[in-house]
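Participant: This is what each chain is made of:
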Amino acid sequence: MSLLDRVRALLGDDAVDVPATHDGVPRVAPGSPDAVALLLGTARSEGWRVRIEGAGTWLAADAPADLALTTRRLDKIPAIEPQDLSATAEAGIGCDLLRQQLADRGTWLALDPPGLAGRTLGSVVATATAGPLRQGFGSIRDHLLGVTFVTGDGRLVQSGGRVMKNVAGYDLTKLEAGGFGAFGVIVLVHLRLRAVPRADRTLVLEGSREDLAQVTDDIAAAGIQPAAHELLSPALARRERWTLAIRFAGSAALVSAEETGLGAATGGRFTALRADEAHALWTHAAESFAARPVAFRVGALPDSSDELLDLLQHQVGDEWISASPGIGAIRWGGETTADRLRRLRRTLAGLEVPLTLERAPWPVRAAVGHFGAYREGVGPLVAGLRRTFDPGEAFVVAVEGTE
Amino acid sequence: MTGTPFVEALAEIVGARHVRTALPERVTYARDGLPTHRHVPGVVVLPGSRDEVVAVVRLLAALGVPFVPRGAGTGLSGGALADDDAVLVVLTRLNRILKIDPQNRLAVVEPGVVNARLSAAVAPHGLQYTPDPSSQTACTIGGNVAENSGGPHCLKYGVTANHVLALEVVLADGRVVELGSPGGEPWGPDLVGLFVGSEGNFGIATRIAVRLLPLPRAVRTLLADFSALRTAGEAVSAVIASGIVPAALEMMDQSCIRAVEDSVFAAGYPRDAAAVLLLELDGGREEAVAADAETIEAILRANGARTVVGAADAKQRERLWLGRKKAFGAMGRLSRDLVVQDAVVPRSALPDVLETIGRIAAAYGLTVSNVFHAGDGNLHPNISFDGRVPGLKARVDAASSEMMEACIAAGGTITGEHGVGLDKLRYMPLIFDGDSLAAMRAVRLVFDPEERVNPGKVVPVHACREWAGAVRPAPMRALA
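Chains as they are written, first to last, in the numbering used here: chain A, 3 to 405; chain B, 2 to 481.
Wrong hints could be hidden among the right ones.
As the list claims (entries may be wrong) - The calculated SDA-like cross-link candidates involving lysine to any residue, where the alpha carbons are at most 25 Å apart (straight line), are:
#  : chain 1 : residue 1 : chain 2 : residue 2
1  : B       : Lys-157   : A       : Ala-224
2  : B       : Lys-157   : A       : Ala-112
3  : A       : Lys-78    : B       : Lys-100
4  : A       : Lys-78    : B       : Asp-398
5  : B       : Lys-100   : A       : Ala-369
6  : B       : Lys-157   : A       : Gly-138
7  : A       : Lys-78    : B       : Lys-157
8  : B       : Lys-157   : A       : Gly-379
9  : B       : Lys-100   : A       : Ala-112
10 : B       : Lys-100   : A       : Gly-108
11 : B       : Lys-157   : A       : Glu-378
Hint data in this document are derived by calculation from the structure and do not stem from the laboratory.
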């Protein structure tokens, strides 16, 4: 009996009626969290190696495995609660569909992750890929009230809940957000929402990086608090020079006051975009990263952002860069080699700056690892946590590189 | 353990006067802020530096002695209590602010730094540390990290976990690990996020890097009063649905209002109101905050507020907040003992749950005062009682259980900011199944394979299913 026949017997025909993978790895799409648990429990006992997939638009579906587990049939939204500003969604829902459903109920998930619009929620959470709105609304984990995940040996584990504050037990949600699937397959996500902003404005300013760095300082000194404050490379902004894009979102009074403040602090140099122009700018910036084979993020102190951009330019080029200088977060996209990434990670580690590899072809991921250059004592903890949540090493995840 | 070579070894590390072995001294550490649990520690040790903490923990590891980290002891879950076979490691002497970096808006502190002291220290730089538990004039940042503490202003700014960037942690075996980075990006998975709120079970944080935020340039504080508790609860939902996020949105019921008004913290709350809402709006733009305050005032009036008054000046604002923050102290007037409960419900469930709590209190003949973070749905039903009255504590326990069950039934949880500790241990199986509890225990074993740090707290071991991936705890060694 083939592996797929066995899965068919276990989960039914629907679970295997999915498009084939390009590399011949059998692809299975469980239709419920319990089915994921059943499948992984079987994988553990059979010794199958499993790679986790969402829509396949962010992390390449290319890891060597016996089985590809896609979350694409986990696409339900069990609850949207406008009065509570919370929602519960399955991990395989596309972010575009989720966003639309939320908007229909007057709610908003203040996340603008890189990648295509149809990226799954589970992918965004598992890779903790926040976009420019991280400036005003925090990283991925700040939007999560809880998650349910399945371990490598098929246990369903719930963490957190659907209320705004929760300290009942250890916060395993934090481990799953940005764990790249090494500690479980996320199947259900409880989200913290906001009301759809009454006003949403984007203003841009082109200039040299040095000039825009000064403007960034001026904005901070004036106490302006944008929802996004993003420095975009010329290619990313589709403009001739670097672009500082400022986004305000909130009540009409807030946005108007902040826009006035921005004008006063910067001598009225910014240009306000029409809504369609703003949408095009942010969408292009997000989608561009899905068109490059490699993306990584670094998190530095805000006052070292400029120095780090110089370093990136020198070591891997700076064609595709989106940086939030107000909080020191930088995302890089492009083509590069495993050796260069390793060298860059070592250099950055010397500056106390972590590099997290967000996407790359499998050979690069396997060589470099999503994580590396751990601080003292972190490696054994990560190894212990992996053993805890994946005792049979079922998940094919390049947590650390081969160096 | 008194007078043993073990105690002498501790004294050699920290100095004899920082090891407390006499019963009267140890008894002073027998409780935290919750009066219903009493455990006298075997020894109390107060290290004065990070190196002393490491040395103490290594000694305890070598001897296999369990220990409990403790800050100021203001916790409300019995979480920082040690039994007589364990050592209480009190961290209040590690109270230095190591670094304030205004440019990058961060500070690095030792765990014993008092919360309010940090905010005061960074205020001259135009910055604030926003988590503000009601006990902030006494509680420590280390305790806040252990409990993932909240506070009124967490509605807009988030709880402790949202503000901790990096940690230096001494594990149970004395190894020192560095988690997170000052820029906020972790080295690997988010172990800082995992550590915060672990109630001391994962080790002792000896250095804590926290994010600071700019002090708001504009603030509006509003007091709205209501003739029915349910109406006030409904008004909370209306405010939240408006899309304007107040910095704080607090509720006090009549019993609480009267306790405050009868105390030295009298704030001018209307004594005849069934409930008041205390709201604060803040931001960087005066005109925006003023406009949002007008909108909120209109929403409150449209949703049943009898009156809405704004604080005329900083002094009145301070007075309104003092009444709220000292409400727990004011309730001390109501009776000899006070159980401060903590639960969270979906905000839309507040009106129903408040009525249910009232019914439970009436059924048990108990006085319950509600003062809580309404904007987050984080309830604090406080039961006043005299523990000397035979049978009364059992009634308080039974009523507390029913209240927790009501919150769980409404889709809520058993603690929003006080932690599980000892007090909520029995409720954990009501919200987590055996696998989920086992997963938590298995994570704890990664940090502390012998389960020696703060033993017996957070996860009820009897309710955990067997976990294949767990590291097997080594057998406990005999005490020195």
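Participant: Against this structure, judge whether each hint is valid.
Facilitator: Cross-check of the supplied hints:
For the proposed pair B:Lys-157 and A:Ala-224, the alpha carbon gap of about 21 Å is at most 25 Å, so the pair holds. For a cut-off of 25 Å, the pair hint linking B:Lys-157 to A:Ala-112 stands: about 14 Å separates their Cα positions. The straight-line distance between the Cα atoms of A:Lys-78 and B:Lys-100 is roughly 47 Å, outside the 25 Å bound, and the hint therefore fails. Of the supplied pair hints, the one linking A:Lys-78 and B:Asp-398 is violated, its CA atoms being roughly 40 Å apart against a limit of 25 Å.
Taken as a hint, the B:Lys-100 and A:Ala-369 pair is broken in the structure, with Cα atoms around 38 Å apart against an allowance of 25 Å. This hinted pair checks out: B:Lys-157 and A:Gly-138 have alpha carbons roughly 11 Å apart, not beyond 25 Å. Between A:Lys-78 and B:Lys-157 the alpha-carbon distance is near 29 Å, which puts this suggested pair outside the 25 Å criterion. Distance check on the hinted pair: B:Lys-157 and A:Gly-379 sit about 34 Å apart at the alpha-carbon level, beyond 25 Å; violated.
As the CA atoms of B:Lys-100 and A:Ala-112 are separated by approximately 32 Å, the hinted pair breaks the 25 Å bound. Restraint check: the Cα-Cα separation between B:Lys-100 and A:Gly-108 comes to about 43 Å, which exceeds 25 Å; the hinted pair is violated. A threshold of 25 Å between alpha carbons decides the hint, and for B:Lys-157 with A:Glu-378 the separation of about 34 Å lies outside it, so the pair is violated.
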